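Q: Protein chains in written order, with my numbering: chain A, 1 to 139; chain B, 140 to 278.
It is possible that some hints are incorrect.
Unchecked claim - Now the in silico label distances, taken between C-beta atoms and shown as ranges:
1. Ala176(B) x Lys60(A): 26 to 34 Å
2. Val133(A) x Arg271(B): 37 to 45 Å
3. Glu72(A) x Arg243(B): 28 to 36 Å
4. Gly107(A) x Ala202(B): 23 to 31 Å
5. Gly174(B) x Ala63(A): 47 to 55 Å
6. Lys46(A) x His244(B): 44 to 52 Å
7. Ala182(B) x Ala63(A): 17 to 25 Å
8. Lys75(A) x Glu189(B): 29 to 37 Å
9. Ile175(B) x Ile66(A): 47 to 55 Å
10. Arg229(B) x Arg69(A): 34 to 42 Å
11. Ala197(B) x Asn119(A): 38 to 46 Å
What the hints assert, rightly or not - Here are the simulated SDA-like cross-link-like pairs (lysine to any residue), alpha carbons at most 25 Å apart as the crow flies:
12. Lys185(B) x Asp127(A)
13. Lys75(A) x Asp127(A)
14. Lys199(B) x Val24(A)
15. Lys96(A) x Gln142(B)
16. Lys46(A) x Phe27(A)
17. Lys235(B) x Arg33(A)
18. Lys96(A) x Asp118(A)
19. Lys75(A) x Arg203(B)
20. Lys214(B) x Pro248(B)
21. Lys46(A) x Ala63(A)
22. Lys177(B) x Pro218(B)
23. Lys96(A) x Met269(B)
24. Lys96(A) x Arg146(B)
25. Lys46(A) x Tyr93(A)
26. Lys235(B) x Val49(A)
27. Lys46(A) x Leu264(B)
28. Lys96(A) x Lys235(B)
29. Lys214(B) x Asp118(A)
30. Lys38(A) x Gly148(B)
31. Lys185(B) x Glu145(B)
32. Lys235(B) x Met130(A)
33. Lys75(A) x Ile205(B)
34. Lys75(A) x Arg126(A)
Note that these hints are calculated values from the structure, not bench results. Computed from a prediction, not measured in an experiment: that's the story for all the values here. Here a beta-carbon is modelled for each residue, glycine too, at the ideal position from N, C-alpha and C.
Protein chains: 2
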Amino acid sequence: MAQALERVGEWWSLLILRECFGGVRRFGDFERRLGIAKNVLSARLKHLVEAGVLERRASKEDAREIEYRLTESGKDLAPVLIALAQWGDRWIYGGKAPVRFVNRHTGAPLADLGLRDDNGERLSLRDLQMQRVGEEGKE
Amino acid sequence: MAQALERVGEWWSLLILRECFGGVRRFGDFERRLGIAKNVLSARLKHLVEAGVLERRASKEDAREIEYRLTESGKDLAPVLIALAQWGDRWIYGGKAPVRFVNRHTGAPLADLGLRDDNGERLSLRDLQMQRVGEEGKE
DNA sequence: CGGTATCCCTGAAGATACTG
DNA sequence: CAGTATCTTCAGGGATACCG
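Using the sequences provided together with the hints, build the complete structure.
A: Now the structure itself:
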């Protein structure tokens, strides 16, 4: 977990990723939407590319256009960002979420990301046992 | 989401919370387990208490002992931390996770936190529509 | 448009010494 | 044991100017 944070944990990095999930791909668009300084954006993008969550390449339509796209591991961060967003909705915005996620086909809202075991049953924290590998379990 | 990060996003804060989920409650235990400087630990704990995710109080067994415990909103961060841990397991450790979570009663491993809609169906990113409130949707 | 280069500022973090 | 106080270092960030 610490390693994961090392790679994507900085504040701007997460906001950049959020924009990526929103479909933003170009330098100037990140810049305008986030109101971030160019040098900072440049550094964060580099960092994210090195971390393997973004990919930098020329656009297929226009080779002069450069775009940043989520890699597979980047896309796989969706549950993290959404879990964070849902937490913020519950505990900061008191349920009045500034962003909503829905199933684009059915319109059904996204369910709260909760803990479940392999059988799909929801688990509470009390049911959960954490084991460091090579150690016996603790609560 | 940015607001959520503002409250709990710093590196040490997340590691402290991880220890809390592991059952650690006392200053000295955080200090030893994390190898963190006292002043830094002190500052981060204060921050977390102010953010409302930890609570500082005297122990019930021994009133001289001070303990830090997860509040309800703190406990509710579990899905965020676990989603992050699972991502790290997949993309950094290549499936060889240094930590495992299991159902303490049945031993069943924790399922991957994935996106589901209200019906419990798993959603892919493609199925997901993100809407800023007051805006029309984007991918 | 998509960056670099430069300068400055701030806050997080580390080391260490001290305290009730 | 659970901190506070002080000092230093460093990375992240902001502003601005410049470049191919």
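Q: All hints are to be evaluated individually against the structure, with a verdict given for each.
A: We went through each hint and held it up to the structure:
Range check, Ala176(B) to Lys60(A): Cβ separation about 50 Å, and the 26 to 34 Å hint is violated. A beta carbon spacing of about 41 Å between Val133(A) and Arg271(B) agrees with the range 37 to 45 Å that was offered as a hint. Distance hint check: the CB atoms of Glu72(A) and Arg243(B) are about 32 Å apart, consistent with the given range 28 to 36 Å. In this structure the supplied range 23 to 31 Å is violated for Gly107(A) paired with Ala202(B), their Cβ-Cβ distance being about 54 Å.
Separation of Gly174(B) from Ala63(A) is about 49 Å and conforms to the stated range, judged on CB atoms against 47 to 55 Å. Between Lys46(A) and His244(B) the beta carbons are some 46 Å apart, a value that agrees with the proposed interval 44 to 52 Å. The given range of 17 to 25 Å is broken by Ala182(B) and Ala63(A), whose C-beta atoms sit roughly 49 Å from each other. Range check, Lys75(A) to Glu189(B): about 34 Å between beta-carbon atoms, so the 29 to 37 Å window is met.
Distance hint for Ile175(B) and Ile66(A): a CB-CB separation of about 40 Å, inconsistent with the stated range 47 to 55 Å. A beta carbon spacing of about 19 Å between Arg229(B) and Arg69(A) contradicts the range 34 to 42 Å that was offered as a hint. Range check, Ala197(B) to Asn119(A): about 40 Å between beta-carbon atoms, so the 38 to 46 Å window is met. Between Lys185(B) and Asp127(A) the alpha-carbon distance is near 29 Å, which puts this suggested pair outside the 25 Å criterion.
For the hint pairing Lys75(A) with Asp127(A), the CA-to-CA distance comes to about 29 Å; that exceeds 25 Å, so the pair is violated. Under the criterion of a C-alpha separation no larger than 25 Å, the hint pairing Lys199(B) with Val24(A) is inconsistent with the structure, at around 52 Å. Of the supplied pair hints, the one linking Lys96(A) and Gln142(B) holds, its CA atoms being roughly 13 Å apart against a limit of 25 Å. The hinted pair formed by Lys46(A) and Phe27(A) meets the criterion: a straight-line CA distance of about 12 Å does not exceed 25 Å.
Proposed proximity of Lys235(B) and Arg33(A) is contradicted: the alpha carbons are some 38 Å apart, above 25 Å. For the proposed pair Lys96(A) and Asp118(A), the alpha carbon gap of about 32 Å is over 25 Å, so the pair is violated. Restraint check: the Cα-Cα separation between Lys75(A) and Arg203(B) comes to about 48 Å, which exceeds 25 Å; the hinted pair is violated. At most 25 Å may separate the alpha-carbon atoms for a hinted pair to count; Lys214(B) and Pro248(B) meet this at roughly 20 Å.
A C-alpha spacing of about 20 Å is found between Lys46(A) and Ala63(A), which places the hinted pair at or below 25 Å, so the restraint holds. For the hint linking Lys177(B) to Pro218(B), the alpha-carbon distance of about 28 Å lies beyond 25 Å, and the restraint is violated. About 15 Å separates the Cα atoms of Lys96(A) and Met269(B), which keeps this hinted pair within 25 Å; it holds. Between Lys96(A) and Arg146(B), the direct Cα distance comes to roughly 18 Å. Compliance with the 25 Å bound is thereby established for this hinted pair.
Our distance criterion of 25 Å between C-alpha atoms is broken by Lys46(A) and Tyr93(A), whose separation comes to about 32 Å. The straight-line distance between the Cα atoms of Lys235(B) and Val49(A) is roughly 23 Å, inside the 25 Å bound, and the hint therefore holds. Proximity of Lys46(A) to Leu264(B) is assessed by CA-CA distance (about 24 Å); at most 25 Å being required, the pair is judged to hold. The hinted pair formed by Lys96(A) and Lys235(B) fails the criterion: a straight-line CA distance of about 39 Å is larger than 25 Å.
Using a Cα cut-off of 25 Å, the hinted pair Lys214(B) and Asp118(A) holds, with the two alpha carbons roughly 21 Å apart. The hinted pair formed by Lys38(A) and Gly148(B) meets the criterion: a straight-line CA distance of about 23 Å does not exceed 25 Å. Between the alpha carbons of Lys185(B) and Glu145(B) the distance comes to roughly 14 Å, so the proposed pair stays at or under 25 Å and holds. For the hint linking Lys235(B) to Met130(A), the alpha-carbon distance of about 15 Å falls within 25 Å, and the restraint holds.
Taken as a hint, the Lys75(A) and Ile205(B) pair is broken in the structure, with Cα atoms around 42 Å apart against an allowance of 25 Å. With a C-alpha separation of about 30 Å, the suggested pair Lys75(A) and Arg126(A) falls outside the 25 Å cut-off, and the hint is violated.
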